[in-house]
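Single-letter residue listing:
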Amino acid sequence: MEAKLTFKEYNENLRQGRLSGLKCGGCGEVSAQPRLVCAKCGGSDLEAMELKGDGTVQTFTVNYVAAEGRESEVPYIVVIVELDEGPWVMGNITGLRPEEATMDIMGRKVRMEGSAVFAGDRYSSGEVARPLFRLVA
Amino acid sequence: MRKVVIAGAGMTKFTGKQPRTAVELFGAAAAEAINECGIKPRQVQALFMGNFMGDFEEGQAHLQAFTADYMGMAGIPANRYENACASASAAIRDAFIWVASGQYDIVLAGGSECATKMGTPLATRTFAMASDSRYEYAAGLTFPGVFAMLTHLYAKRYNIPLETLKGQLYQVSINSHYYGARNPRAQFQKELTLEDARKSPMVASPLQLADCCPFTDGAAALVIASEEAAAKMTKKPVLIAGVGQASAGNLLSQKEFLPRIRSRELAAGQSYKMSGLGPRDIGVVELHDCFSIAALIALEGLGFFPYGTSGRAVEKGETKIGGKVAVNPSGGLKAKGHPVGATGAAQAFEIVRQLRGECGERQVEGVKAGMTDTLGGDGGTLCNMILRRGW
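Residue numbers (the working numbering), protein chains in the order written: chain A, 1 to 137; chain B, 1 to 391.
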């Protein structure tokens, strides 16, 4: 049992616009976050893979109340996307104004277009990237 | 395993900003619990204390040891529990297990929090620390955001128009404030009108301020004892009939279950099995309404109503006293307040008082069994307790 994908690798790949994940050799489950053991079957035969970044919007919110240090970002849209490979990822949506975000976007197709980086604050351990998505249909 | 009871229960008034430290707040709640039992602090054999954010609120980690010392119990083992909003419930569950095992006869368990010392921006930041810093916070997820996304998911999954669901959610908050107005220890002792709820500012769409619990200072504590030890302390021991606890990964890793909370269904199942009781036997429940939608999800996960129907049940009054199950007669997290690390103990405090028939105009008449439900993070921890009259 050894880590096939570390958070550092995941984060650096995402900063360069690539979404990495793990595929379970036992059951085929795909994870979009580093883990030591398959969440579905408990197996440890995991292999790193690159995810395409295509998926559908599952849910969203427009956040109006900022956490300390992120005041300049509000309002912004947070989305959960189900990737075509199966796993869910959280990111932001571009090309859509906050007031345009209604439940109509749920189920819409999106494509990942790069990433954005949370610069970190005094509590976090450095920069953390998240995927950016754009509605495609 | 031995039978374990709650022999005494104490709670401070829940408030906004106030001058006492978390140690002092816990001391006040614990003194009430201990005094009820007619025991001395030195008879307590261990302290299990929930606290979520003392580090950020007061620059104070490790406050459990100082609390034991403050109460004249120095020398006993003292543990802090950090399970986000479910911290105190995890502490109480462990107290139950240690007493049931025979290791201790008397344990003090509960929690304390001074969340308002942080102010809204820092509190919003630190509460978000109970989400995933790697895969959720980077995108700007806050706690209202978690439940906002669950609200949209719930509306879609159960095919409920968002406006209809919003109306049901307002009613959840209106009910909480109705009871909070009748609880002298609640932070908001004031009713909420539909008009005020509708006008309240948007926090994370579709949730408005009226859907959100406040930041709160407060503490609650229980004397957990073996049935035998408690015989000398109280004529009304409240039996801990069942407990359950489960965990889950971040929101994304719960994709197969949402908007259901899998950890709740596991924990509730454990509680029901251990107690031999089912949802029909529960007359009163204090459940985790950190946001209005969370109450609907909890009602269904605990088995009180079928999935997707609890909003209608709320509208029909089935969650008020006299309905199918009395929900949050304390005012819940929404109106009583939500001092994070103390919340589970405050829920248990209300159930204890309800079972003992001490709740005045918000009393559920003749209630014999009650339940607590405490959710930590975005479902990462879930604890349930089933309590019943032990006399």
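Each hint should be verified, as a subset may be incorrect.
[Claimed, not checked] Dumping the calculated EDC-like pairs for lysine to aspartate or glutamate here, alpha-carbon to alpha-carbon at most 20 Å:
| # | chain 1 | residue 1 | chain 2 | residue 2 |
| --- | --- | --- | --- | --- |
| 1 | A | K23 | B | E358 |
| 2 | A | K8 | A | E50 |
| 3 | B | K316 | B | D69 |
| 4 | B | K255 | A | D84 |
| 5 | B | K255 | A | E68 |
| 6 | B | K255 | A | E100 |
| 7 | B | K235 | B | D55 |
| 8 | B | K368 | B | D281 |
| 9 | A | K109 | A | D54 |
| 10 | B | K13 | B | E36 |
| 11 | B | K255 | A | E99 |
| 12 | B | K17 | B | D69 |
| 13 | B | K156 | A | E71 |
| 14 | A | K40 | B | E256 |
| 15 | B | K156 | A | E68 |
| 16 | B | K255 | B | E228 |
| 17 | B | K199 | A | E99 |
| 18 | B | K156 | A | E100 |
| 19 | B | K13 | B | E361 |
| 20 | B | K17 | A | E68 |
| 21 | B | K320 | A | E100 |
| 22 | B | K236 | B | D105 |
| 23 | B | K3 | B | E228 |
| 24 | B | K40 | B | D55 |
By construction, these hints were calculated from the structure, which means they are not laboratory data.
Owing to the predicted nature of the structure, the values given are computational and were not obtained by experimental measurement.
Hints versus structure:
For the given pair, K23 (chain A) sits about 56 Å from E358 (chain B) by alpha-carbon distance, which is inconsistent with the 20 Å threshold. Using a Cα cut-off of 20 Å, the hinted pair K8 (chain A) and E50 (chain A) holds, with the two alpha carbons roughly 15 Å apart. A threshold of 20 Å between alpha carbons decides the hint, and for K316 (chain B) with D69 (chain B) the separation of about 50 Å lies outside it, so the pair is violated. Taking the CA atoms of K255 (chain B) and D84 (chain A), the gap is about 14 Å. The hint holds against a cut of 20 Å.
Taken as a hint, the K255 (chain B) and E68 (chain A) pair is broken in the structure, with Cα atoms around 29 Å apart against an allowance of 20 Å. Restraint check for K255 (chain B) and E100 (chain A): not satisfied, since their Cα atoms lie roughly 25 Å apart, outside the 20 Å limit. Straight-line distance between C-alpha atoms of K235 (chain B) and D55 (chain B) comes to about 39 Å, which puts the hinted pair past the 20 Å bound. A hinted pair counts as satisfied when its Cα atoms are at most 20 Å apart, and K368 (chain B) with D281 (chain B) qualifies at roughly 8 Å.
Only pairs whose Cα atoms come within 20 Å are accepted, and K109 (chain A) paired with D54 (chain A) is accepted, the gap being roughly 7 Å. Proximity of K13 (chain B) to E36 (chain B) is assessed by CA-CA distance (about 17 Å); at most 20 Å being required, the pair is judged to hold. This hinted pair does not check out: K255 (chain B) and E99 (chain A) have alpha carbons roughly 26 Å apart, beyond 20 Å. This hinted pair does not check out: K17 (chain B) and D69 (chain B) have alpha carbons roughly 25 Å apart, beyond 20 Å.
At most 20 Å may separate the alpha-carbon atoms for a hinted pair to count; K156 (chain B) and E71 (chain A) exceed this at roughly 30 Å. Only pairs whose Cα atoms come within 20 Å are accepted, and K40 (chain A) paired with E256 (chain B) is accepted, the gap being roughly 10 Å. A distance of roughly 32 Å separates the Cα atoms of K156 (chain B) and E68 (chain A); the hinted pair therefore is violated under the 20 Å criterion. For the suggested pair K255 (chain B) and E228 (chain B), the alpha carbons sit about 46 Å apart, so the restraint of at most 20 Å is broken.
Simply put, K199 (chain B) and E99 (chain A) have alpha-carbon atoms about 18 Å apart, close enough for the 20 Å limit, and the pair holds. This hinted pair checks out: K156 (chain B) and E100 (chain A) have alpha carbons roughly 18 Å apart, not beyond 20 Å. Between the alpha carbons of K13 (chain B) and E361 (chain B) the distance comes to roughly 18 Å, so the proposed pair stays at or under 20 Å and holds. This hinted pair checks out: K17 (chain B) and E68 (chain A) have alpha carbons roughly 19 Å apart, not beyond 20 Å.
A hinted pair counts as satisfied when its Cα atoms are at most 20 Å apart, and K320 (chain B) with E100 (chain A) does not qualify at roughly 37 Å. About 17 Å separates the Cα atoms of K236 (chain B) and D105 (chain B), which keeps this hinted pair within 20 Å; it holds. Of the supplied pair hints, the one linking K3 (chain B) and E228 (chain B) holds, its CA atoms being roughly 8 Å apart against a limit of 20 Å. At roughly 30 Å between alpha-carbon atoms, K40 (chain B) and D55 (chain B) are farther apart than 20 Å, so this suggested pair is violated.
In summary, the structure is inconsistent with hints 1, 3, 5, 6, 7, 11, 12, 13, 15, 16, 21, 24 from the numbered list given earlier, while agreeing with the others.
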